[in-house]
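S.K.: Residues per chain are reported as follows:
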Amino acid sequence: MKIIRIIVQVILLYLFYFVGDYLQKLLHLPVSGSIVGLLLLFALLLLRVIPLKWIEDGATTILAYLPLFFIPATAGIVNHMDIFSGRGLLLILILIVSSVLTMVAAAHSSHWLSSLNNKRRVGWSGKRLSEKGKEI
Amino acid sequence: MEWQEIKRKGEGNIMFFVATGIVLLNVAIYLMMSAVYKRFRIPVLIPALTATVIIVGILVYFHIPYDTYMIGGQWINKLLGPAVVSLAYPLYKQRNVLVQNLPAILGGTVVGLLIGMSSGLLLAAGLGFSKLYVLSILPKSITTPVAIQISSSLGGDSSLTSVFVMIAGFTGAIGGPWIMKLFRIRSEVGIGIGLGTASHALGTAKALEYGEKSVSMSSVAMTVCAIVGSCIGPLVVWMIYP
Numbered sequence: 001m002k003i004i005r006i007i008v009q010v011i012l013l014y015l016f017y018f019v020g021d022y023l024q025k026l027l028h029l030p031v032s033g034s035i036v037g038l039l040l041l042f043a044l045l046l047l048r049v050i051p052l053k054w055i056e057d058g059a060t061t062i063l064a065y066l067p068l069f070f071i072p073a074t075a076g077i078v079n080h081m082d083i084f085s086g087r088g089l090l091l092i093l094i095l096i097v098s099s100v101l102t103m104v105a106a107a108h109s110s111h112w113l114s115s116l117n118n119k120r121r122v123g124w125s126g127k128r129l130s131e132k133g134k135e136i
Numbered sequence: 137m138e139w140q141e142i143k144r145k146g147e148g149n150i151m152f153f154v155a156t157g158i159v160l161l162n163v164a165i166y167l168m169m170s171a172v173y174k175r176f177r178i179p180v181l182i183p184a185l186t187a188t189v190i191i192v193g194i195l196v197y198f199h200i201p202y203d204t205y206m207i208g209g210q211w212i213n214k215l216l217g218p219a220v221v222s223l224a225y226p227l228y229k230q231r232n233v234l235v236q237n238l239p240a241i242l243g244g245t246v247v248g249l250l251i252g253m254s255s256g257l258l259l260a261a262g263l264g265f266s267k268l269y270v271l272s273i274l275p276k277s278i279t280t281p282v283a284i285q286i287s288s289s290l291g292g293d294s295s296l297t298s299v300f301v302m303i304a305g306f307t308g309a310i311g312g313p314w315i316m317k318l319f320r321i322r323s324e325v326g327i328g329i330g331l332g333t334a335s336h337a338l339g340t341a342k343a344l345e346y347g348e349k350s351v352s353m354s355s356v357a358m359t360v361c362a363i364v365g366s367c368i369g370p371l372v373v374w375m376i377y378p
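Sequences listed follow chains X and A, in order. Numbering follows the working numbering, with no gaps: position 59 of the first sequence is 59. Numbering follows the working numbering, with no gaps: position 124 of the second sequence is 260.
Just so you know, the hints here were simulated from the structure itself, not pulled from any lab data. Worth double-checking, as some hints may not be accurate.
[Stated by the list, open to error] Restricting the straight-line Cα-Cα distance to at most 30 Å, the calculated cross-link-like pairs of lysine-lysine (BS3-like) are:
| no. | chain 1 | residue 1 | chain 2 | residue 2 |
| --- | --- | --- | --- | --- |
| 1 | X | Lys2 | A | Lys174 |
| 2 | A | Lys267 | X | Lys25 |
| 3 | X | Lys53 | A | Lys349 |
| 4 | A | Lys229 | A | Lys174 |
| 5 | X | Lys2 | A | Lys229 |
[Unchecked claim] Label pairs and their in silico Cβ distance ranges:
| no. | chain 1 | residue 1 | chain 2 | residue 2 | range |
| --- | --- | --- | --- | --- | --- |
| 6 | X | Lys53 | A | Gly148 | 36 to 42 Å |
| 7 | X | Lys53 | A | Leu258 | 23 to 29 Å |
| 8 | X | Phe18 | A | Gly157 | 26 to 32 Å |
| 9 | X | Ser85 | A | Pro313 | 26 to 32 Å |
| 10 | A | Asn232 | X | Gly86 | 46 to 52 Å |
| 11 | X | Leu23 | A | Phe198 | 39 to 45 Å |
| 12 | X | Pro30 | A | Phe153 | 39 to 45 Å |
| 13 | X | Leu116 | A | Glu348 | 37 to 43 Å |
| 14 | X | Arg5 | A | Leu371 | 39 to 45 Å |
| 15 | X | Gly88 | A | Leu371 | 26 to 32 Å |
| 16 | A | Cys367 | X | Leu93 | 18 to 24 Å |
The C-beta atom is built at its ideal place from N, Cα and C for all residues, glycine as well.
With these hints in hand, go ahead and build the complete structure from the sequences.
M.R.: Here it is, written out as structure tokens:
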């Protein structure tokens, strides 16, 4: 029964979340409990303490419906409708400008770092994009 | 006494039906809108946006307070924790991409996040927006389930953050190709990490058009960004509001 396996695995993922939350409160970590849970699960997968099979179906199911889980939180915007008018529109402009800066900074720094890495390894710098990749 | 108890039980039952009804309605609207998205595949039709617009429309039209809606909504909300934990799965599947490109991915996301978070914070605070808005802007480039947690733990508002995250996503998914051209971003590594760091899942969907390497870079960058962003978010806030 696949559905039962999914439910059991989701419960296991919950368990990681609770342990993460507990550790976060216990150690006063600055990151949220769910991120601690994520790192914990990732570490246990890498160390092969937890086989991938134990969480695979649960995780893929949750991630397939991910947007559903944050719709209620997003709907809270109903109490902040003023951001879509007047000065609120300025916020949208800030978001766009700041996102462009983020993308350019991340892209150029990572390209530079990877070309350093490649030079060291094969003596050849960053790869250029093929023409066919551009238009789909 | 007995009557009180019966009444209380009755109210409990009504609450249960209301909650179940809201959850079912939510799921139905989501499934419908994701079918629409699968049919057309246009970024502005992502179910996270369209389903939210429909629900907000219902709340406004029928004058339903958000708190009433959350009687059911909170049950869906509770799955956000395990959803964030689940992100370990794609990260593990792509551990080879991560290990082979560790300096590029880690360096790119850290630089991108520092520039992105501080520019958003400084612009919003500089233009006189209140602290609530400034803190809600901070995690805009991070995937929604993580961003709303960062925001609320720092004193922002999760629903504002969720909308800001969508705007950051659309900037990359719609404006991405122009940004690449204007700023001469040509390598698949740069495109992938740029899109994943600035525009999370929406950027990763756009990366599909640039080849397999861009997609894997983008999706790894997105998850690493969520982890790194959770760590440096409080630091950036502290630098600006010491």
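S.K.: Which of the listed hints are not met by the structure?
M.R.: The structure conflicts with hints 7, 13 and 16, although it agrees with all the remaining ones.
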